[in-house]
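Enquirer: Residues per chain, in single letters:
2 protein chains.
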Amino acid sequence: MKRILTYGTFDTFHWAHMSLLQRAKSLGDWLAVGLSTDEFNKLKGKKSYFSYEQRKEILSGVKHVDFIFPEDNWQQKRADIIKYKIDVFVMGDDWAGKFDDLSDLCKVVYLPRTPNISSTVIKQIMKDFER
Amino acid sequence: MKRILTYGTFDTFHWAHMSLLQRAKSLGDWLAVGLSTDEFNKLKGKKSYFSYEQRKEILSGVKHVDFIFPEDNWQQKRADIIKYKIDVFVMGDDWAGKFDDLSDLCKVVYLPRTPNISSTVIKQIMKDFER
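Which chain is which? The protein sequence lines are A and B, in order.
Numbering follows this note's numbering, in which position 84 of the first sequence is assigned residue number 84; successive positions increment by one, without gaps.
Numbering follows this note's numbering, in which position 117 of the second sequence is assigned residue number 117; successive positions increment by one, without gaps.
It is worth saying that the hints were derived from the structure and are not from the lab.
Heads up, the list lumps identical chains together, so a pair's fine if it works in one copy or across two of them.
Cross-link-like lysine to any residue pairs, in silico, SDA-like; alpha carbons within 20 Å at most: (1) LYS25 x GLN54; (2) LYS42 x TYR52; (3) LYS25 x TYR84; (4) LYS25 x ILE58; (5) LYS56 x GLY34; (6) LYS25 x ASP94; (7) LYS83 x GLY8; (8) LYS63 x SER19.
From just these sequences and the hints, can you work out the full model?
Expert: Spelled out as structure tokens, the structure:
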């Protein structure tokens with residue numbers, strides 16, 4: 001069984017998240033997601049709209065995701081890869097190159113994060129929320 | 001087994017779609033989604049960003065959804081309810097009252113479509129797509 005790992009906040013879940021998770025899962029058989037905690041986001045100077053529990057609930061509805069666990073610090077990735085016997089570490093290509101040091105432990109893959117369709121998609125989503 | 005049915009286009013899938021599907025599924029055990037075809041959308045004067053096949057692929061990643069079938073006309077709802085032995089017909093409350101005539105066949109429920117958080121959610125999603 002090929003085991004995949006990714007990390008993220010997955011706030012206000014949308015199509016690009018789903019697409020990334022789908023492509024991540026397609027690299028193997030089992031996908032774990034390290035979901036950033038609210039405390040960790042605070043540390044990063046970020047604030048998510050939804051709480052960890054709410055984000056976890058939404059993410060739990062994604063078929064491609066087999067396991068969700070909290071990400072609460074920058075250092076845990078190496079330990080997680082070993083603990084969960086990870087074969088492939090996946091991130092969006094906005095992180096390209098940033099995690100190459102993990103490649104002594106497993107394969108490191110950066111997936112295209114979002115195709116270049118921002119404004120059209122945003123307009124569509126806005127229309128939905130304005131109704 | 002309690003069988004639930006809803007319809008929609010589910011273009012540029014986002015958090016509010018996920019939330020609606022989750023709440024729909026929680027009304028029973030099995031959730032079918034009638035997914036509007038591109039031809040039907042054209043008939044309605046709507047154009048989705050993603051094609052039927054792309055929308056179906058994304059929707060297939062939602063754990064709450066058990067079955068997806070094409071919606072290609074306004075008239076099929078009564079026949080679908082009978083064919084799939086539906087107990088509860090669910091739509092977002094932007095359709096409130098519009099399908100009350102189906103209540104001779106099954107229960108009709110309108111769920112709150114999106115909480116009033118439009119602008120904040122949109123800003124968050126825009127940030128994601130702008131990265």
